[in-house]
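S.K.: Residue-level listing of the chains:
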Amino acid sequence: MVVTVNVKKAYGDFKLSASASMKGVVALLGRNGSGKTTLLRIIAGLEKPDSGHVLINGVDVTRLPPWARRAAYVSPTTYIPHLRVEKHLGIASGLELDYVEDLLREYSIPMQEKVGRLSMGQREVIAILTALSSRPKALLLDEAAANISSPLNVLGPVAATCREVGIDVIYAAQGGYEELFDAVFHIDAGKLSYSAP
Amino acid sequence: MRIAALIGIALMSLPVLVVIVYGAPLMTRGVGLNGLAESIELTLASSLLAAAMDAVLLTPAAYFFSRHPASVADSIADLPASIPHPVIGIAIVLALSPTTPIGAALADLGFRVFDAFPGLSLALMAVSSPIYYRSARNFFESMPRDQEEYAHTMGMDETSTFIRVVLPQSIKGIANSVLVATSRAMSEFGSVAIVAYYVLTGPIRAMPASVMIYNSYSYSGVGAAVSESAVLVLVGLAVELISRLLGWGRQRWW
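These protein sequences, in sequence, are chains F and L. Take the first sequence: its position 176, counting from 1, is numbered 178 in the numbering used here, and each next residue is one higher. Take the second sequence: its position 128, counting from 1, is numbered 159 in the numbering used here, and each next residue is one higher.
Source of the hints: derived by calculation from the structure; they are not laboratory data. Note that the Cβ used here is the ideal one computed from N, Cα and C, for glycine as well. Check the hints yourself; a few may be wrong.
One-sided excerpt, in silico: chain F residues whose CB lies under 10 Å from chain L [unchecked claim]:
1) V4
2) Y13
3) G14
4) L48
5) P51
6) S77
7) A129
With the hints as constraints, model all of the structure from the sequences given.
M.R.: As C-alpha cells, this is what we get:
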C-alpha cells in the first residue's frame with residue numbers, strides 16, 4: 003500500500019508543492035502554516051489541487067470524491083457529536099479492533115456517553131479508532147492526537163494494526179514520536195522533503 | 032447608529048402595535064369574534080401542514096445547495112416570493128382544475144383543490160416555500176463542515192452523510208424553519224382568496240383568517256376587522272416566540 007502525491011496548490015502568497023511516495027506509517031512534520039493540513043486534505047479529496055495527481059495504491063484518485071477514495075481524515079474537530087460512543091465506533095465498521103475496550107477503559111470513556119460531551123482528548127481517541135475501524139486505504143491523522151494524554155498508548159496500537167492489515171498512515175504534527183514511524187517527511191513553507199527515519 | 036436601529040425596528044413594529052392598541056379593547060368585548068376560532072384553527076392547521084410539506088420537499092434541496100451554491104437554483108427558489116401571490120393562486124386553480132389531466136386524475140382520487148383544505152394547503156406551501164428554503168439553507172450553511180468531511184472520508188456519500196450525520200443534528204434548525212414558514216403562511220391572503228375563499232369540505236369548514244378579516248372589513252366595518260386582526264397577531268406572535276425559543280438552542284448542534 004502506498005500513497006503517491008505530486009501536487010501544487012496556491013492560496014494567495016502560500017504555495018504548496020509536494021511530490022512523494024508515502025508507504026507504511028509515516029510522519030509529516032512541520033510548523034503551523036507549513037502546508038501539512040492542505041496536503042492531507044488534498045490526499046483525502048477535501049481540497050482540489052491546482053495541478054498534479056494523487057495515487058492511492060497506484061490508482062489515480064485525483065478526480066474521485068472523498069467517499070470513493072477511502073483516505074480517512076482525522077483532526078481534533080472531526081467527530082460526530084450527537085452519536086454515543088458505541089454508535090460512533092460502529093458507524094463505518096469494517097475492522098475489529100481487540101484493544102478498543104482497553105483504550106476506552108484507560109481513557110475513562112463511557113460507552114453510552116455522547117461524543118460531543120467527552121473531553122477533547124477522549125473525542126480524539128474515539129475519532130481515531132472510528133476512522134481506523136472503517137478500514138480505510140489510508141489513515142490521515144492531522145494533529146489528531148494533540149489533546150490525548152500519553153498519545154503513544156493510542157498511536158502505538160493503531161500503527162501496529164495499520165502495518166498488520168496494510169493501511170498507510172500519514173501522521174501530521176509539529177514533531178515528536180519519530181520512533182513510531184517508518185519514514186519521516188518534513189514540510190516547510192509548502193515544500194515537502196524526505197528524511198530517513 | 033443605535034437610535035437609527037431603534038427607529039427602524041419601531042417603524043417595522045408599528046402596524047402590529049396599531050392593531051393591538053385598537054383591536055385589544057374590541058377583542059375583549061367580543062367584537063367580530065363569531066366564527067373566528069374555526070377560522071384561526073383552519074389557518075393554523077393549513078399553515079403548519081404547508082410548512083411541513085415545505086420541510087419534506089425542500090430540506091434536501093436546502094442542504095444540497097448550501098454545500099453546492101448555485102445562483103440559478105436560489106433565483107428559482109425565490110421566484111414564488113417575487114411574483115404577485117394571486118398569480119400563484121390562479122396557477123394552482125388552472126393547473127389542478129378538473130379540466131386538466133392532472134386535475135382530473137386528482138379529482139378521481141377524491142383530491143379536491145378549489146375551496147378545499149388540500150388546495151388551501153397547497154397554495155400556502157407555494158408561498159411559504161421560499162421562506163422555508165432560505166431559512167433552512169442559512170441553517171445548513173452555518174453548520175460546521177468538519178463532521179461531514181470526516182464521514183465522507185470514511186466512505187459515506189452525500190446522501191448517507193445527510194441522513195446519518197447532518198439530519199439528526201438539524202431537528203431544531205428544521206423545526207425553526209418550519210415555524211418561520213408557518214408564520215409566513217398564516218399571513219397569506221392573495222393566493223388563498225383565489226384557491227380557497229371558503230373551505231367547504233373537511234373537518235374544519237371556515238374562511239381562512241386573512242380572508243375573514245378582509246371580509247369583515249368589507250361588510251362589517253373596521254371594528255370587527257381590527258378585533259379579528261388583533262387575535263391573529265397574537266397567534267402569530269406566539270408562533271414567532273416558539274420559533275425564537277427554538278432558535279436559541281442553535282448554539283448546540285446536537
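S.K.: Are the hints correct? Go through all of them and say.
M.R.: Here is how each hint holds up against the structure:
{"no.": "1", "hint": "V4", "in the structure": "18 Å, violated"}
{"no.": "2", "hint": "Y13", "in the structure": "17 Å, violated"}
{"no.": "3", "hint": "G14", "in the structure": "21 Å, violated"}
{"no.": "4", "hint": "L48", "in the structure": "5 Å, holds"}
{"no.": "5", "hint": "P51", "in the structure": "16 Å, violated"}
{"no.": "6", "hint": "S77", "in the structure": "7 Å, holds"}
{"no.": "7", "hint": "A129", "in the structure": "7 Å, holds"}
Of the numbered hints given earlier, the model fails hints 1, 2, 3, 5; all others are met.
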